[in-house]
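Numbers 1 to 819, taken from this note's numbering, label the letters of the sequence shown in order.
Hints may be right or wrong, so weigh each one.
Claimed, not checked - With a Cα cut of at most 25 Å, we get these calculated PhoX-like pairs of lysine-lysine:
no.: 1; residue 1: 244; residue 2: 275
no.: 2; residue 1: 641; residue 2: 656
no.: 3; residue 1: 574; residue 2: 611
no.: 4; residue 1: 641; residue 2: 611
no.: 5; residue 1: 325; residue 2: 301
no.: 6; residue 1: 580; residue 2: 611
no.: 7; residue 1: 301; residue 2: 244
no.: 8; residue 1: 236; residue 2: 275
no.: 9; residue 1: 611; residue 2: 661
no.: 10; residue 1: 661; residue 2: 641
no.: 11; residue 1: 275; residue 2: 301
no.: 12; residue 1: 656; residue 2: 611
Stated by the list, open to error - Each pair of labels, with its calculated beta carbon distance range:
no.: 13; residue 1: 119; residue 2: 303; range: 58 to 64 Å
no.: 14; residue 1: 372; residue 2: 122; range: 50 to 56 Å
no.: 15; residue 1: 667; residue 2: 512; range: 44 to 50 Å
no.: 16; residue 1: 676; residue 2: 633; range: 24 to 30 Å
no.: 17; residue 1: 655; residue 2: 290; range: 26 to 32 Å
What the hints contain is simulated information worked out from the structure, not anything from laboratory work. Every residue, glycine too, gets a C-beta built ideally from N, C-alpha and C.
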Amino acid sequence: MRIQNRLSPTIVLLSATLALSACQSVEERADKYYQDALTLISEGDIDRAIVELRNALQLEDGHREARLTLADLNEQRGNLQGVYRQYLRLAEFYPDDLDVRLKLAEMAFLGGNRDELERHVAKIEELAPDDPRARVLVAARAYTAAVADNDAAARREAARTVAELMADQPDSIVLHAVQIDDDLREANYSGALAGIDWMIANDPDNLRYYQQRLQVLAQLGDRAGIEAQLGDMVEKFPDNQANKAMLLRFYLSEDRLDDAEAFLRSLAAAAPLDKAGPTIDLIRFLSERRSIEAAQAEIAKAIAERPDPVPFQVLDAGLDFQAGKRDQAVATLQSVLATAEPSDQTRHIKVTLARMLSSMGNEVGARTLVEEVLAEDPTQVEALKMQAVWLTAADDTDGAINALRTAIDQDGEDAQAMSLMAEAYARAGKPDLARDFLSRAVEASRNAPAESIRYARLLIGEERYLPAEDVLISALRLAPQNPELLTTLGGLYLKMEDYGRAQSVADALRRLGTDASVQAANQIEAERLNRQSGAGDAIAYLEELADGADATFASKLTLLRARLATGDIDGALKLAEQLKAEDPDNPALDFILGATQAASGDLDAAEETYKDLLETDQTRPQVWLELVRLYQRQGYRDAAKSTVDDALANMPDDPKLLWAKASFLEQDGDVDGAIAIYETLYERNSRSAVIANNLASLLSSHRSDPESLERAWTIARRFADTEIPAMQDTYGWILHLRGDSAGALPYLEAAAEGLKTNPLVLYHLGKVYVALDRPAEARPRFEQAIQLAGPADRSPEITEARQLAQTLPDTDTPAPAEN
Numbered sequence: 001m002r003i004q005n006r007l008s009p010t011i012v013l014l015s016a017t018l019a020l021s022a023c024q025s026v027e028e029r030a031d032k033y034y035q036d037a038l039t040l041i042s043e044g045d046i047d048r049a050i051v052e053l054r055n056a057l058q059l060e061d062g063h064r065e066a067r068l069t070l071a072d073l074n075e076q077r078g079n080l081q082g083v084y085r086q087y088l089r090l091a092e093f094y095p096d097d098l099d100v101r102l103k104l105a106e107m108a109f110l111g112g113n114r115d116e117l118e119r120h121v122a123k124i125e126e127l128a129p130d131d132p133r134a135r136v137l138v139a140a141r142a143y144t145a146a147v148a149d150n151d152a153a154a155r156r157e158a159a160r161t162v163a164e165l166m167a168d169q170p171d172s173i174v175l176h177a178v179q180i181d182d183d184l185r186e187a188n189y190s191g192a193l194a195g196i197d198w199m200i201a202n203d204p205d206n207l208r209y210y211q212q213r214l215q216v217l218a219q220l221g222d223r224a225g226i227e228a229q230l231g232d233m234v235e236k237f238p239d240n241q242a243n244k245a246m247l248l249r250f251y252l253s254e255d256r257l258d259d260a261e262a263f264l265r266s267l268a269a270a271a272p273l274d275k276a277g278p279t280i281d282l283i284r285f286l287s288e289r290r291s292i293e294a295a296q297a298e299i300a301k302a303i304a305e306r307p308d309p310v311p312f313q314v315l316d317a318g319l320d321f322q323a324g325k326r327d328q329a330v331a332t333l334q335s336v337l338a339t340a341e342p343s344d345q346t347r348h349i350k351v352t353l354a355r356m357l358s359s360m361g362n363e364v365g366a367r368t369l370v371e372e373v374l375a376e377d378p379t380q381v382e383a384l385k386m387q388a389v390w391l392t393a394a395d396d397t398d399g400a401i402n403a404l405r406t407a408i409d410q411d412g413e414d415a416q417a418m419s420l421m422a423e424a425y426a427r428a429g430k431p432d433l434a435r436d437f438l439s440r441a442v443e444a445s446r447n448a449p450a451e452s453i454r455y456a457r458l459l460i461g462e463e464r465y466l467p468a469e470d471v472l473i474s475a476l477r478l479a480p481q482n483p484e485l486l487t488t489l490g491g492l493y494l495k496m497e498d499y500g501r502a503q504s505v506a507d508a509l510r511r512l513g514t515d516a517s518v519q520a521a522n523q524i525e526a527e528r529l530n531r532q533s534g535a536g537d538a539i540a541y542l543e544e545l546a547d548g549a550d551a552t553f554a555s556k557l558t559l560l561r562a563r564l565a566t567g568d569i570d571g572a573l574k575l576a577e578q579l580k581a582e583d584p585d586n587p588a589l590d591f592i593l594g595a596t597q598a599a600s601g602d603l604d605a606a607e608e609t610y611k612d613l614l615e616t617d618q619t620r621p622q623v624w625l626e627l628v629r630l631y632q633r634q635g636y637r638d639a640a641k642s643t644v645d646d647a648l649a650n651m652p653d654d655p656k657l658l659w660a661k662a663s664f665l666e667q668d669g670d671v672d673g674a675i676a677i678y679e680t681l682y683e684r685n686s687r688s689a690v691i692a693n694n695l696a697s698l699l700s701s702h703r704s705d706p707e708s709l710e711r712a713w714t715i716a717r718r719f720a721d722t723e724i725p726a727m728q729d730t731y732g733w734i735l736h737l738r739g740d741s742a743g744a745l746p747y748l749e750a751a752a753e754g755l756k757t758n759p760l761v762l763y764h765l766g767k768v769y770v771a772l773d774r775p776a777e778a779r780p781r782f783e784q785a786i787q788l789a790g791p792a793d794r795s796p797e798i799t800e801a802r803q804l805a806q807t808l809p810d811t812d813t814p815a816p817a818e819n
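All chains should be modelled from the sequences, with the hints used to inform the complete structure.
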């Protein structure tokens, strides 16, 4: 066979092309991409222009014009992080470029990044200290530092410098930003509004300035101004759902349901027929605030008029589900899915169906649907959030965090995803990151009540009362009649001992007029009187409420509890008997009477009351548990144990009864049996901190294999920031077992201070002192543990404590001398 050595025309052409390409330098090819990008920009084809600019930068990373143009396009699209990244790369190639450094410093200041501001301003001072733009940023740095140091005098001096510079540079955004911040700190709200209006006029597409203006109006309490500002924001940014949600919340906070409905109807009417979202929002409002019938009428209309009726069929199924027609709702969604091709819509329906199945206890079905959705679209936000909840519950916090990162990448304003991220970080033992995401959730939700309350409670738990107050008040400015916000704020003021404002909150709750809000107001007022004037005045106030013409069962029950708490047992018993006589057929009053009889010491009467209740209904777990406590109080341990068994025969899955069973098993030495019960409880509810603590404590104290210790650590990581002594003991002991005795010490010292009569806690602290070569501090801890445990205690821990107390020296081991 003859082999031809001729080249085809195609090969010849390709060779010519390659030869021509080889003649061009890398710089020339990069510049060709850049010029092509400029042409595309002039034609309005920005997406392809960005591709060409990236091609240029792949060839020549330091192509200044290409990188500046890419930064400019990112800025036009609002991608400030992208802008900053491009300028940082330019600074690497051109470290002495003043314009680049000025831009970086300006962005760092406006973005609140103090470290980056300091870095770039220092370079600017080196390059051009007398440049007018440099002086602006030097003044901004001084102002920022004064604010961070809480130095009011230095802040005012920096603000004066800024005012002087403003005369020569009236168009400086940095100077205006400093002046606005200073006006707000000095309560010069008219000046702040004028500055913000200047910002809006110069950058009318920047949502941040509109939000800042809204905050000032809220600070002023200008409700009409808030409404107008929210309306302006909805009109200016029609695709921003958060602004629409804020305006709706504003109407609802003022109980202006007609205005809220009119607003939602206007959005629905303005939307194209193939955009179901606004109409769905209207239907949800009608179902929650009007009636199911009104919502169903709107659904029927939409199904008849819309080209795609499926979203409204799904919504109708959701209403059926809420009304208790669960099987019918599930069947409807399954029917829709049976004939539909995979799409964004079917994936949304599958997630909705998964939520239904999960609430019905069908976790396998729910998880299968979510897995199907994510197999088709790994970025489906609602499916990712469901997956993250399951992963967090299973302590796979890394998996949950990765899923939520993907969700937040798709929607950077998803407050629910941020709240879930906070929970995952808290479970992973990273409280600082959890706190950060709770704060971000508040911001993303535009100070919505649920997110604000969640974050405020965390701050209150850390005794950071003033930041918590700021969070709650910011939320109340947009929802001044929200009872949960008011109740949380009232409790905060009691902790702050700000009794005047606590009383004002109670008055505001009472004006809402609902039974729940009035009850909350009464509780705040009673606690205020108790703290401020003493228990006598508080009891007198509660008696006045209970004896009044409009007295409620709740007010009488509050009085009864207050009498018990202050030691007025006879008064409490008399009131309980009175309540029972007024309503003899109410079993809840039998339970209250039994608890009051037990508190008064009439244990036989209490036992009889509890047994009477159980004769009529064997499925009352709280009554069984009170009977168990009654027997334990009298030393009838066998009777208490058998009562728990009897209760479990009627309610084998009740968590509190299982908990009681586990406690008895642990006391009897059947630790494996107790662990098995806690494992079951933890699988059902891994969010319970108490269950988590008990399980982790047993695993770490009674098992020594590496797997159990690792499991205990995974469960207990969440206690890194705890102030609860029992959880500090668990966390500290596990740290010690993992080799970090120095890290364990502060936790165990705090636990021993809070649990001074617990021998096991004292033993744990002693062991850590031994590990740290501090025997003189270990010995007294062991001696205390031995004394508290008593001579009959033969547990391994106390046995070891006895040995160590006898053999440890009474002075610490001296540190080796340095050579």
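Each hint, compared with the structure:
Our distance criterion of 25 Å between C-alpha atoms is met by residue 244 and residue 275, whose separation comes to about 16 Å. At roughly 14 Å between alpha-carbon atoms, residue 641 and residue 656 fall within 25 Å of each other, so this suggested pair holds. This hinted pair checks out: residue 574 and residue 611 have alpha carbons roughly 21 Å apart, not beyond 25 Å. Between residue 641 and residue 611, the direct Cα distance comes to roughly 16 Å. Compliance with the 25 Å bound is thereby established for this hinted pair.
Under the criterion of a C-alpha separation no larger than 25 Å, the hint pairing residue 325 with residue 301 is consistent with the structure, at around 22 Å. Pair hint residue 580 plus residue 611 holds up; C-alpha atoms about 17 Å apart against a cutoff of 25 Å. Of the supplied pair hints, the one linking residue 301 and residue 244 holds, its CA atoms being roughly 24 Å apart against a limit of 25 Å. With a C-alpha separation of about 20 Å, the suggested pair residue 236 and residue 275 falls inside the 25 Å cut-off, and the hint holds.
A threshold of 25 Å between alpha carbons decides the hint, and for residue 611 with residue 661 the separation of about 20 Å falls inside it, so the pair holds. Under the criterion of a C-alpha separation no larger than 25 Å, the hint pairing residue 661 with residue 641 is consistent with the structure, at around 8 Å. Restraint check: the Cα-Cα separation between residue 275 and residue 301 comes to about 15 Å, which is no more than 25 Å; the hinted pair holds. Restraint check for residue 656 and residue 611: the C-alpha separation of about 19 Å stays at or below 25 Å, so the hint holds.
For the pair residue 119 and residue 303, the supplied restraint of 58 to 64 Å holds, since their beta-carbon distance comes to about 60 Å. Checked against the given bound of 50 to 56 Å, the beta carbons of residue 372 and residue 122, roughly 55 Å apart, stay inside it. Separation of residue 667 from residue 512 is about 48 Å and conforms to the stated range, judged on CB atoms against 44 to 50 Å. At roughly 28 Å, the beta carbons of residue 676 and residue 633 sit within the given window of 24 to 30 Å.
For the pair residue 655 and residue 290, the beta carbons lie near 38 Å from each other, so the given range of 26 to 32 Å is not met.
When the structure is compared with the earlier hints, a violation turns up for hint 17 alone.
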